[in-house]
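Colleague: With chain L held as given, fit chain X onto it using these hints.
Protein chains in written order, with the working numbering: chain L, 1 to 847; chain X, 1 to 225.
There may be inaccurate statements among the hints.
To be verified - Simulated coverage check for chain X against chain L, where a stretch passes if three residues somewhere in it have a Cβ under 8 angstroms from a Cβ of chain L:
{"no.": "1", "segment": "38-44"}
{"no.": "2", "segment": "190-201"}
To be verified - Over 10 angstroms on every C-beta distance to chain X, these chain L residues come out as not near it, computed from the model:
{"no.": "3", "residue": "S18"}
{"no.": "4", "residue": "P88"}
{"no.": "5", "residue": "R112"}
{"no.": "6", "residue": "R114"}
{"no.": "7", "residue": "G231"}
{"no.": "8", "residue": "R384"}
{"no.": "9", "residue": "P403"}
{"no.": "10", "residue": "Y410"}
{"no.": "11", "residue": "A421"}
{"no.": "12", "residue": "I458"}
{"no.": "13", "residue": "G601"}
{"no.": "14", "residue": "A746"}
Please keep in mind that the hints were generated in silico from the structure rather than gathered at the bench.
Every residue gets a Cβ at the ideal spot worked out from N, C-alpha and C, and that includes glycine.
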Amino acid sequence: MGTLPELFAAWFAARGWSPRAHQLALLEAAGAGRSALLVAPTGGGKTLAGFLPSLVDLAKNPRPGLHTLYISPLKALAVDIARNLTAPVAEMGLPIRIEARTGDTPVNRRQRQRADPPHLLLTTPESLTLLLASPEAAQMFAGLHAVVVDEIHALAGTKRGDQLTLCLSRLATLAPAARRVGLSATVAHPDPLRAFIAPDGQAESVALVLGEDGAPPKLEIILPEGHLPWGGHMGLASAPEIYRRIETAGVTIVFVNTRAQAELIFQALWRLNEAVLPIGLHHGSLTVEQRRKVEAAMAVGRLRAVVATASLDLGIDWGAVDQVIQVGAPKGVARLLQRVGRANHRMDEASNAVLVPANRFEVIECTAAIEAIAAHELDGDPPRPGGIDVLAQHILAMACSAPFLPDELYAEVLRASPYAALTRKDFDDCLRFVEDGGYALQAYERFRKLFRDAEGRIHVRDTRVARQLRMNLGTIVETPLVKVKLRGGPILGEVEEWFISTLTIGDCFIFAGQLLQYERLDPTAAIVSRGGEGSPRVPAYAGSRMPLTTWLAARVRAILSDPRRWGGLPEPVRDWLAMQRLRSELPPRDGLLVETFPRGGRWFLVAYTFEGKLAHQTLGMLLTRRMEHAGLGPLGFLGTDYVLAIWSAFEPTDIAHLFQEDILGEELEEWIADSSMLRRTFRNIATIAGLLEKHHPGAEKSGKAMTMNADLIYDVLRRHEPDHILLRATRAEAAGGLTDIARIAALLARARQGGIRHRVLEQVSPLAVPALIEEGREWIAGGAEDSLLAEAEALVAEATDGTDHFYGLLAEVTDAVPSRGERHVPRRGGGPRKSRFIRHAGKAVTG
Amino acid sequence: MIAAPLHLAGERLALDPAGVLAWPAQRLLAVADLHLEKGSAAATRGRFLPPYDTRETLSRLAPLLRRWSPQVLVFLGDSFHDRDGSSRLAAAERGMLAAMLAGIRVIWALGNHDPVAPHDLPGEAVEELSLGPLVFRHIARLGANAEISGHFHPKATMPTRAGGVTRPCFLADGRRVVLPAFGAFCGGLDVRDPALAAHFPRGGRAFLLGRDRLYSFPTRAPALA
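Bound conformation, chain L alone (with noise of 0.2 angstroms):
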């Protein structure tokens, strides 16, 4: 264990503080010139450990230079950081320098810090990125002693992460001896956060110090008073519960899981809101600065409460949060807690939070996060290899910074941990796609961005390609975004173009806590006044759920299969399982239960599958191709977070076989080749990897805005060259990263093992009516059905109203519009039946 010199030592005590042993382990650690993860809860005096062994060496030792570099996934708490630094420094006299860089420093400090940097710079990776591009870098970072990388646990296994992996690499290759301390929320796994660290990828190579655990969070559920909702996932029922809580405490989160809810709650909130309580909301599509106003109000206490989503979930110590409510369903252990984790940033006291289900198959979901928490189980997701677009984006950033040779970079890129597998031909064909595009069909050799000289060294052509570089840095990739203003007024924050391309003027919707009506979209922003009439609509983000995670899962469905485990539970709940057990049977914990029953001249398929909806929407598009086969006409389904539910107009029967393994070959090639999960995947990956200029919010269209668009480019990739880097990064990606297909094997496989149990009831089960409630709803993406059908009903109107005459019959124009939702499934030739929904839609382009 480190021991502290005296002028630390004093400067503890003089605070009534003693340094606390993860601090002293990591001074350790240091002293040994050894790398560390700490993993700790928050409030532990986590940054503090990460920082104490370079204040210490600069106290012992002052020398000019940088000597620790801090990266944060946020450019706030780089920020804050440095704020919080510069007091126990100034405290204790010593002569060190403390300074940010970010996205927002001034031009001319960023200047002063490459000729003259401080001791301690905190950045974020893109920042990192940019500084290893400059030319100055080997001389900038070549006395480096320590490299701290704060919420290490949101990095990993992002591309942020992966990008973050490569910087660490060149800078090992920079600095060879600096040490790395990596500093982590509490997690279930902490190995792959070591190897994630490590200099050499390995997880031994990297000591483990775990802080002690705070007192454990007190948690409870509470429910609306009266009916318990069978269906809906907002809470709304719960808002007066929620209101009694935020009067009783101090400051108040109300985290909640999409930004369409967020508005929801927060309407209702102020609804119910006579004392005029100073409630905020705060979500990603609100304009920055409206985002740091809330923040701002909310750290100097002017707030009561704020309605966030996940933009709230990392960052900066708000001081005195006094509770966290949560409300819907928590979808994952790891993510509860770090919510959770946000009320009372000390460790010593216990967070106080309150889960809020909206409906009751949520009750089972947050009795099952409760009992994790309580058993010291969390959940997360295995490492996943490194994007190939991250690593376009930093072999250009390297060629920038010096030239090199390929085998020297392509060493270095392995010592990374998500690039350890990287073969050399995935290397080389993305070495060879940054030069020239790297197409079989060489037509750009004399436009290449990378020359090779004599020895092999790669060069950059001009300093053209620098400046392209940093207009496309960074991981994140926005989808395209309208801003929307006030008429006279000040911009508003950003929706979806799909949202405002769904609107018709005097429409309105409900967006940043008000009541807003469209008036007319300009070439900028989509123009709105305050007001309307008429049910609002709320602007919905496309993947903005996050899905159930596997293990939680597993835990829902062990209490489900238990009774002797339902005591926990509130007593509608119970009554509802018990049922259930009576009508029909309880989903087994392992295996499957499916029920088949008729219902309104159809026949409705219930499979209680619990693999989250992503995975459901997947396997339903599957399940619902090997009907058409089976002349079982499917006519829809939908996917919960539970369970997955199909219509049909015959009664399935063989279950065994719709739910064989094999579904997942060729069936879910063919799906996959079209999917808009792909074409999504491609766009992100070529935006990444510098092949379509980045989306610039801010920046703002011009009136003809013809943009590239990705899916034309993808389907002329796709027909001419199908093996290019690009596709295979596109199907790596989509096939690996989004864990869907992983789970419907799982799940197959625990249906093959432990058997399915198929039901023919005479009516629905009580456990599937929350499914069937929501038929028609979550169907749609955006669940904006009611209004989709009334414009198209009145558009059908209008169309056969003309008085030119088209071709066009009621029927021909109505019947065979294709939709959104259907063009993930290409024709069938000539099958035995069409179903309605199962049709060919061409190619839809956007953008």
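Modeller: Chain X alone, transformed into the frame defined by chain L:
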């Protein structure tokens, strides 16, 4: 494949769901905004788009020439993505294009992207072409009549029961037709955009391209207004 009939200045025209316009009485076919060599144009600026767009666009045009076997083929401008596009045309694609155009009277209406006649290709380059009552040009003129043009790459989004569906489209009223962009790498401009809507002061009708037919909707309907 069902082409939609459309009457303009008393002439019967056909809108092909592939995005080209035929005038059967004159054995004329019009196609807009091919933006050939857009891929290589991006490559000159360091974005290495797949170099297959020209090949793809031409291979989509070839069957349409067989279907309509026109005597006159009018390119409505922006046939090449930039002034130098026709010079960058690779030998294979140049040969493919020359073979396709053999025996056809070819009119290259000049566009803002390609304000000069294409290099070493058959045909005559014109600012605009008047034929019978109709005029063909790249950019629509406000208030013009019986006009067929391109330039805007019109697209429209139809709300359906499962969300909006966006497709390139023809945009027409009783006085003019704007063709969708034909090029493989061409995105679109929403028909509601003021730059395009200004040409249709009383609203128009959008014909969304489909696999076998067009889907037509008035742009002034509540859903598209």
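Colleague: Hints the structure violates: just list their numbers, smallest first.
Modeller: none
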